Structure formats: C-alpha cells, structure tokens
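S.K.: One-letter residues, chain by chain:
Number of protein chains: 2
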Amino acid sequence: MPVNDSSYDREAVRRVLDQARAEGRTSLTAPEGRLVVEAYGISTPGEGLATSADEAVALAERIGLPVVLKIVSPDILHKTEAGGVLVGLHTAEAVATGYQTIIDNARAYKADAKIVGVQVQQQLDSGHEVIVGTVTDQTFGKVVAFGLGGVLVEVLKDVTFRLAPADTETALSMIDGIAAAEILRGVRGAEPANREILADLIVRLSALVTDFPELAEVDLNPVLATSTGATAVDVRILVDDNAAEQPYRFTDEEILASMNRIMRPASVAVIGASAETGKIGNSVMKNLVNGGYQGEIYPINPKATEILDRKAFKSIADVPGPVDVAVFAIPAKFVPAALEEVGAKGVAGAILIPSGFGETGNHELQAEVVAIARRHGVRILGPNIYGYYYTPENLSATFCTPYDVKGGVALSSQSGGIGMAILGFSRSAQMGVSSIVGVGNKSDIDEDDLLTFFESDPNTDLIAMHLEDLKDGRSFAETARRVSKTKPVIVLKAGRTSMGARAASSHTGALAGDDKVYDDILRSNGVIRAPGLNDLLEYARGIPLLPTPQGENVVIITGAGGSGVLLSDACVDNGLTLMEIPSDLDEAFRKFIPPFGAAGNPVDITGGEPPATYRNTIALGLSDPRIHSLILGYWHTIVTPPMVFAELVVDVVNEFRAKGIHKPVVASLAGDVEVEQASEHLYRHGIVAYPYTTEKPVAVLGAKYRWARSAGLLGD
Amino acid sequence: MPVNDSSYDREAVRRVLDQARAEGRTSLTAPEGRLVVEAYGISTPGEGLATSADEAVALAERIGLPVVLKIVSPDILHKTEAGGVLVGLHTAEAVATGYQTIIDNARAYKADAKIVGVQVQQQLDSGHEVIVGTVTDQTFGKVVAFGLGGVLVEVLKDVTFRLAPADTETALSMIDGIAAAEILRGVRGAEPANREILADLIVRLSALVTDFPELAEVDLNPVLATSTGATAVDVRILVDDNAAEQPYRFTDEEILASMNRIMRPASVAVIGASAETGKIGNSVMKNLVNGGYQGEIYPINPKATEILDRKAFKSIADVPGPVDVAVFAIPAKFVPAALEEVGAKGVAGAILIPSGFGETGNHELQAEVVAIARRHGVRILGPNIYGYYYTPENLSATFCTPYDVKGGVALSSQSGGIGMAILGFSRSAQMGVSSIVGVGNKSDIDEDDLLTFFESDPNTDLIAMHLEDLKDGRSFAETARRVSKTKPVIVLKAGRTSMGARAASSHTGALAGDDKVYDDILRSNGVIRAPGLNDLLEYARGIPLLPTPQGENVVIITGAGGSGVLLSDACVDNGLTLMEIPSDLDEAFRKFIPPFGAAGNPVDITGGEPPATYRNTIALGLSDPRIHSLILGYWHTIVTPPMVFAELVVDVVNEFRAKGIHKPVVASLAGDVEVEQASEHLYRHGIVAYPYTTEKPVAVLGAKYRWARSAGLLGD
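For the protein sequence lines, the chains are A and B, in the order given. Going by full-length UniProt numbering, 387 is the number at position 387 of the first sequence; the sequence numbering is gapless. Going by full-length UniProt numbering, 277 is the number at position 277 of the second sequence; the sequence numbering is gapless.
Calculated from the structure, these hints are not laboratory results. Check before you lean on any hint, since a few could be wrong.
Just so you know, same-sequence chains aren't split out, so a pair can sit in one copy or run between any two.
[As the list claims (entries may be wrong)] The calculated DSBU-like cross-link candidates involving lysine-lysine, where the alpha carbons are at most 35 angstroms apart (straight line), are: (1) Lys471 to Lys591; (2) Lys311 to Lys345; (3) Lys345 to Lys471; (4) Lys516 to Lys157; (5) Lys110 to Lys79.
Every value quoted in this text rests on a predicted model; they were computed, and no experiment measured them.
Start from the sequences, fold in the hints, and give me the full structure.
M.R.: Shown next, in the form of structure tokens:
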C-alpha cells in the first residue's frame, strides 16, 4: 500500500497546532491528537451515527470493517434484549442489511420508540498490541520507534528506531527487526498482523512529524494490528516549537572545498612554531619536516627568524604566498587574536591543538573562536586534539610521531588517548593508513565532514571512527548511508552503556535509551559497529584486505576438528551462513581427505595431513563457484609445519587471484609459537590470519559480510 | 516456606506409576498427572463439594484461598440470581459465613429446593502465567526449568535451567534469573508473584523427579502465580524407565588414587618407544627425557634393546619394578593386547595417544579397550590425544614439544588442535602452567577426574578447560561447585551454537536448547564461562595474578578521558560496579589532579600529567579501604612515557603489597608501540595490562569478580 502524499490533510493539522499554540499548550487533547493523526490517514477506532443504511455503509467503509452496529434510542435501554446490537459485520452488504435489521428489531421491540439512528463502531476485539511513536532526539532529530505493546516488552525493551521520515522498506525492516518479530507473523495459530498496513502507519506517522517538526513526541500506544488493519487506540502528542530547530549544515561542495585544501595543503603555517625541544610547536615542526611533507612550511613566531632551517614569520600576515592550513600550537587564550589573522589570510583550516576550551568548561572561548572562524570562512579542526595525518601528502600535522605506512584506512578519534592507541596499533600491525584525524571538541569539523572528504578521496578505502557523540547524527547517518555503499564505515561508539538521562515525558521517550537509538540508526544506515577498540582496529586492518564476497556460502576447512567446532560457533555469532554442501561437492572434498575425515561443513581434513591435503581442499574451495568464502583452521603438526602451511595458502590463493578468482580467505592457526610468524606471513598476503583464536578471523569476515550486505554488493 | 520432606506422599506416586507401567504407557493421564504432583504438595486448581460450613472451610484450606462458593442444587438453575455464588473469599471465616449465606439465600429463593451442597472452587482469575518443567537431559540428567508462560516468552526463549533437585536458594535464583524477572515483581501496579511459594513449587517438582527418575519429562504449563499461591493449571507427564539410568561413577578416593599416580608417576613406560626420528614413539621418549622427568622411563619395543640411552623391554611384563603410567604410541589395533599386559602389570594410567577409535567410528574397539582397562583397574586417558604435561614433575608425556614455564594454571582440551593452541599461547605469553592435558575421546578419564585431581593439587591455582561435551555433566557440575570455592574453574564450551536436535515431546524439552542448559548449569555451579578460545587463555593467564577483590567498588583512574569512557562501557559489559565516590574521597583525588580534570569515577587525571599524578592517585586508590579494585587507563605522552608509567605502577603496587594491601589492578595502555613493552613489564609484575584495548583488561577483572562472587569470597 503506497502512501499517497496528497492524502495528507496538512491544513487540518495546522489548525489544531495553531489552536494549541494560541493557548500556550505543550500537549494536545485526545480528540486533537486523534484529529492530527487521522489527517495523515492513521486510523483511530472509528465511530459515528448513521441515520440511513447508506450512511451506515459509508461510515463503516470510512471506519474500516468489521464494525458493530448499535441502536441509538433514548427509549431503548436494553439494546441487546431489543435486538439492537449486531457485531462482526464484515461487508458493506452486511452493514446495510444490519442497519435495517436493527431498525426493524427496535420497532418490533417498542413500536413508539424514538429512534435517533444507529451507531457504527469499529470492532477492535482482536489484534496485536504494538507501539508506534516518535521522539525528537537531540542527536538524530525526528526518530520513529516501533515495538510490541504491553508490559513484558516494556521490561525487555524490545523496541527499534529509525530516522523519520521512514520509507516503506525501512518501516518493514522495523517490523521485522524486533526480537519478538515472530509474534507478529502469527505463532500457535494466532492471526498475523498485516505488515504492509503496519508499515504504512509507520510511514504516515513519520511523515507527519517531519512535516510538523513542532510535534515533539507522539505516542500511538497501543496500536491494534490485525490481518486487515492497524488502529491507533490511544494518541498522545506533545508539542514544542524548539523541537523544530535544525542544526546548521554546510553543503557537500562547501565541505569538500575546505577539506581538500586542509587534507592536501600546498602550504602549512605553524602558529607558535618553536625551536625548543619539548614544546608542542617544535614537535609539530619536526613532524612536518621529518615526515616528508613537500609543501611550504611557514613557522610563525614573533621572536624567531628561523626554525628548523625554515624562515620564520612574526605573523601569518607576513607570509608571502597563500596558506591552506594553520596549525595552532599556542595557549588557548591567544587563539582568538591569532585566528583573526589566520582568517584574514584566507586559510582554509585552523588546526586547534590547544586545550582549555569546552572540555575544561571554557565554552565562551570556544564559541568566540568558532564565531571568528565562521566569519572568515575558516573551518576549525579541534580544539583539544593531537592534530592529523594524511599520508598521501606525507603530512604529519601533529605533536605525536610521524606515521609512514601508507594504505587505504582512514581513522579518526574523538579522544587523544584513543588516537595514540590507533597510532600504536597501526604501527605495530603495519596497517596501511591514509589518514588519522583527531576531532577533539568538534567545535566545527566533525565526522560528517571527514566522511564526505574520505568518500571522495581516492587514497581511502575504508573509514574507521571512534566517537563519543555526534553533533548532527542525522547528517552523519545520511552521509554514512551514501558513503558506505562504496567504502566500509566502521564506528566505535563509546559511552554506549550510559543511558541518556532523558526526561521520560512520553512512553516512546522512556524507551529511547541513547545507545539503542544510536545502534539502530547507525546500523540501518550502513555503518558497521565495532563492539570495542580492538575490534575497531582489527576490522580496519582486515576488511580492506579481503575481497568482497559474492554470496553467503561460507566453508570451513580445518585440520583440527576442535577448531572446526569453535569456528562454526563464531560463524553463528557473526551472522555467517555455513554452506549446505551439495552432494557432488561433498564427494569432491572426500577425494582429498582421509576416509575418517568429515566432509560436510566444516570440512575436517583431520590432523596429521600433509600440505597437499590443505592445498587440494583449499583449491577446491576457491575453484567451486558455489563457495563464496573460506575459513581455514590450521593445526600445527610435524607433517605440515606452520610456515609450510602459510606459504602453501599464499601460493594457492595467489594462483586463483591470477585467474581472476578473488574470495575472502581467513585463517585461525592453532599451534606452538611458530604460528605467530605464519599468521603474519598470511596477513601480509591478504589472508586475515590470527594465532590462538578462532573468534577474531571470523569476526573480521563477519564485519566484511555485514558491510557487503548493507552495501548491496552480495550476489543473490 | 521450607519444604517438609515428609509431606511427600511417595506411595501415591508409586501407585500411579505402577499402574502406568502395568499398562505399558509412556504418558500419564491428566488426572494421574494431577495426582502425582499433588502428592508432592503442588497445588492444582482445587475443587470439591462441601455439605457443611466446616467441610467448606476444610476444603478451602486444602485448595488454598481465595475460593469461590457456588450452590449445588438441581432445583436452582440461575445461581447468581438466587444469591448462590460468592467470589473472592479470602479467609476461613469468610468461607464459613459464606457457606451459611449461600444456603440461606438458596432457601429464601426457593424454600423447597433440594440442596446437594456447596461447591468450593479455587479462584484463579488472576496471576502470572509461568512454566515450570523438568526434562531428563542426556548430559545433566534431571534438569528443572523455569520461565514465563505465554507465546511471547516461547518466541524469546526466556527460560532458565538448574540441576534437580533444586534447593530453595537455587529455585529463587531461577525466578530472579530470567530476563523478564521484573514482571514477576509486579510492574505498572500489577500484583507481584510470591517468590517463596513459586520457589517452593520448583523445589517440590524437582524433588519429585529426583525421587521418581522414571518421570522423564514434566510440564506444569501454565502455573498461575499470584501473591498468595502458585497453581499448576495443566500437568503433562511423560514416563520412561530409561530416564532413571545413572552413569557409572568412581568415588573421589578412587579418582585420586589413580590420578595421583598418573600425574606424579614414579615410572613411565612408553609402549611403542622408537629410536626413529619422526615416529610418535620417538617424540614421546625425547620429550620425557629432554623435559627433565626424573622418574624411571621404560621404552617398550620388542625389537630394540636401548632407546635414547634407556634400556628397552620387549614387553611391559619384563620391566623389573612397578610402573605407574604407560604411554601408548602404537597403532589402535595393537592397543587391546598391549593393554592386557599393561593391566596385568598394575599400571595406574594408560595414555592412549593413537587415533582410530570412536572418533573414526570404531566404537567397538574403544568399548573393548575400556572393558579391558576396567577389568584391570587401569584408567585410560584418551584415546586420540597429544598426551599430557605435568610441569611440577617435569613430565611431558606427549609427542608435542616440552613445556617448562611452571606455574599454577592447569589446562585441558578435548581437541588436539586446541591443545596445540594452548601450548603456543602459553609459551608465547610465558604463562606459568602446572598441567596441560588432552582428553580426546574421553573413553574413561574426563574433566571430572581432572577437576578432582587439580582440586587436591597444591601446584594448581586455576583450572581452564576446553570441552565440546561432558560425559557426566551432573558429576562435573557437582565437582565444579565444590572446586570453584577455592580455585577458579574456567570453561570454554565449544559447539554452543549448535542447538541439540532434541525431540520436542514436551514444552520444556522444546525450550531446553543444549547451550542454554549448559550455560545455566555451569554458571550456577561456579564455573566461569569463557566466550571464546582467546578469552579462555587470557582468563587463565590473568586471573591467578590478580588478588581476590574484597568488595565490588571498582575505580577507574585514567589519563585519557576517551579511555575512561570505553573502560566504563567495559565495566558495565562485565558486570562490574563503578564505585560512587564519597565526597571526602572525591576531594582527596582532586588534590592530585588539575582543576579541569574530573574526579568522580572515572578519575580523569587528564593527559600530559607527570608521573607523580599517576603515582599519587593510584596510591590513594590502593590506600583507601573503600576502594576494592583499580582499572588504569594510560595515555602515552612525552611527560610520562610508557616505561616510566609501567615502572611507577609496579613500584607503587609493590609498596602497598609490602604493607599487606593487595587489590586487583588492571591497565589499558593507549599509545605508540612502546606501550607493548610497558604492558609486558606490568604483566610480569602481576598487573594485568594490555595495549590497544580497553576491553581485555576489564574482561579479565570481570572474570575474576564472577569467580570471587560465586565462591563467596567478596566482602559484604
């Protein structure tokens, strides 16, 4: 049932809201609420008075069948006794006939009774109780919620959220996305809810709050959902003009114009550059110079003439040519004045390393700085950051150490400590990185700007972000939805267990714990969520190495039966599908493995097998087009030592790559310490491999699959 | 309400079961079922006919209040009209009075009516629907289940299991242990269920199936639980004499007598010892000799006179002195004959390395071997194993490589591959190990025997086990319950996601997925479950190093605010309690940290602080007796480099240890690659520290807490 936009009666809603505003009310009355949702085609339990059979039919059709008919007469008190009540009228004909029957019965019962008419009421004696609501989330704006109704679901908090407006597909994903979804499909012979009609109601409600953002919170609780309808039994609406406020947004063109100059600057000025070791202004200079940055570097220091063999300037105003980026290495209190000069110079980005702004409670100073920047068209990164790296330009605009392993992973962190962990892990794992960015207080540039730049950046294949909040979650989600179609977006959302201390003025509001809202909205917009810091880093490192799988069929080939069981567990944990091996393929595997080995999936080649058994089974897994991914479980034996295994796997995978066959291959290595070197060898050749764990390789493959699915890249 | 054992009417149950058996039935009729559970004091909806007020009161008291009274008279059809129905009678007095009122009303209504009496019915118009049931689990035997009733819970599978018989404490833990437990406590003004009465019903049902093990499955579904009662509305019972079978068990004394000889043998024979490199019989000999084992080593080989400078014997019968252990390195088919000789020699343990038994489908051979061993009083380890290590005796009775880092961790694995991963991880992490044991096919010696030995072993502080199944889960659970009071028992249960393909002949049976049963029973008997292989290994490595915490108050001290947030997330994930810092303690912390730092918890000392700030705050955390554990978040800066941090932490922790103050301290290090060395330094000194992860140190601390709680070692 497609929603017909023109069916929305905006004027009716406007009249109600104008009235409420005129009276200074923050909530609507029940009849007002009903009127508002009905104006958007949401059914409420209908009723009305008919004075003819035609009117009864018209009413019934407007209300929705089935209906109950009841005689309305001041002279008939015992309606049932009088034959004045008919229930379960499912067709227009039944209503028309029923109307006449009731009138006839009434007249027969009491010939002189004054008959006012027949009340037509929607019959609501069955159906699933669900809740549909909307809140105005401080991060995401208008958010629509769906869950089962009733106290049990309230206790279990089985509810799901999406950005409003939601389209039909999104609304259907909500209905299917709650833990108890099976209930709505009808279990133990119960009547199922009509998914399409319920989705339509979600679409309509989310359209309503989008059109009228002053509708701060709406509860339709319960909605009775049957196989033929969905009716909002109770409607509760809170209004608040502040709920209609929108955050300021730059256009993508504006973002890219600035970010391109910031990430690939022709020239960088260091405000507060210093020759003195231990000073931040010295570390930044050293990192720019030693990192190999080839653009112009301008030290700015009123008291120096030369720093690290570069001519120093008293003010950025004195620099002869244009400047793209100014890195601030001066105390917070000097930033406003310096930023005025930076702005006047036409700099694209001010990199505010200093702390002492919002994070220490100095919100005024931060606001002042943002205002100066906005006035000059300067974008600010920070304040309170370690700086940023962009390896394609050999740019290490940071007081940390340079990073030089180039590659496709772009990372950002909201915290300096986490930034250092990113740097250390990357260096230790030799992870190829395009960029590491500290966003700190996010007074201006935030993850949304970074996503937009990294999307356009040919040097970036994957974006991994640590964040504690989002300034404009809606914008981030919308950008992520687009970007993630081509590049995986991994997010570690910290603070996920601290439920928002939200004033629970509505039922939906009370259910909307921060993390559940983040989780549902990020995931439904293509973001892969990392459960922890180490996962963020391992996903970032592994996902770009794995080719995108062409389908869901995963096969485990293992030398250790025990690893096979644990790898299977990990597949289920990570939403991976162990392929049902067709009999011809089973037969083919059996040719290579001992008679007491187990074909099926896992393919258990058994311990003590020579390299050829691994090679043959892996080659079969790569060659058969019905298999889409391989998980290898290696068992260290004298017959096939770790490096022999690693080299044969690299060989056979390369052999197939040369033939144009690219499938994700991950490996778990069980054995003595030599498996560490073997795992490294595999990883260096694009096979995501770990020693002493069956969980990690499968988790990385699972993350790759989640991305491939949401990007629509998996085959049927 | 304590259960009065003598209140059980065993004879009544026996009569019903004898009748059913005589008729060859596998299920009881509804009245039989009702009779059986009533014999154990479980209420069913009671009713009966009273012909006097006294009888009515007696009936009501037997049935349970409140009751409904109804006139029984062939001459009164409209009972209500006649004043012949009274509902909600909550006291004996009300019943007595009510009886008379009804009789009087009836006589007044129709003086000549024939009055048969008054029907006394239990009033069951309210209450929570719950399910209580029992199944006969192939691993654990009699298992009792509890969950909410109704279709929603069936969909969400919110049900919990314990061994039967369950005591009152256990039964209460079940009621509190389901996800929807809050429902039973009464939400939104609903009447709560009476926990004690419900627990009593669980205790009674579990006693019933323990006394009558032929009761294969019992469903009480639903049980209506109110604030004053619990009534089994429907009773369904399946009977099966096979369900009464008990597995064979050795006594603890028998187990220890054998295991002590096996783990600390004075002499070891190697059946199939070989001088030829590459043979298993050669590897075993080398490992025994090179591992430094000081007992007698007897190579057995009909064709050799000397192997590795040890005199070889044609048969174990030829060995002059007694032999404690025989390691078999011969093909499976030769095992029975050799085992006869081994048995005749009075060997305590036969270590069956060879494969080719049950795991390849050769169950007959395995059964034959077990029968031979049982006949001779020999215990079998294996077959199909890598052997075993016991480092206090320098014993490496395995074809793998020797292991020599001695310590308190005992490990076992059901799979050879996982055993190799244990070995490699241990060596790589330099984990101090007392024993590593492969149990393989577990034809005889299993985890239960190992637990019993390790409990008594002064060299073992913690037991970590990989297992795919348990031969006798009940015995294991009972042993683990006892052992875990003094030594942590960590279990990685593989195959947890493959739900048992159980024939769902009862409701409870259908809900009893393998893993949920394992999970509930292992946890409720003190076992710490590791979610994955790496967790098993990290828990094993870390838990023994941490002192047992004296209470729940955990404090995070962090240099990086971002790490603090992630560490807090991890605390919630791991069930740890972030201490509410009292104001005097808050004040004390504030003295050491910058004004813009955050006291509270996490204590955010802010980045860029010198070593003294870490030292002072950590010392405060160790000295204040209200704080029980510390989690440190380190941020790599020039001011406090990684090794400076690591050394100061070790210093200050040692300082307090010297004063007798032992608290668990774990650390997450965020920084460049130098944090790896710093983490190792910390770990070597008993501070569980990891680089690049906030999750792992907290997970290990969380596991330590789970153990300390279940062992009853935490303070109030």
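S.K.: Now tell me, hint by hint, if it's right for this structure.
M.R.: So, going through the hints one by one against the coordinates:
For the homomeric pair Lys471 and Lys591, the shortest alpha-carbon distance between copies (33 angstroms) is at most 35 angstroms, but the shortest distance inside one copy (59 angstroms) is not. Proximity of Lys311 and Lys345 under a CA criterion of 35 angstroms is satisfied intra-copy only: 18 angstroms inside one chain copy versus 91 angstroms between copies. When the C-alpha separation of Lys345 and Lys471 is checked against a cutoff of 35 angstroms, the pair qualifies only within one copy, where the shortest distance is 28 angstroms, while the shortest distance between copies is 78 angstroms. Taking the closest pair of Cα atoms, Lys516 and Lys157 come within 35 angstroms of each other both inside a single copy (10 angstroms) and across two copies (21 angstroms).
Proximity of Lys110 and Lys79 under a CA criterion of 35 angstroms is satisfied in both settings, with 11 angstroms inside one chain copy and 30 angstroms between copies.
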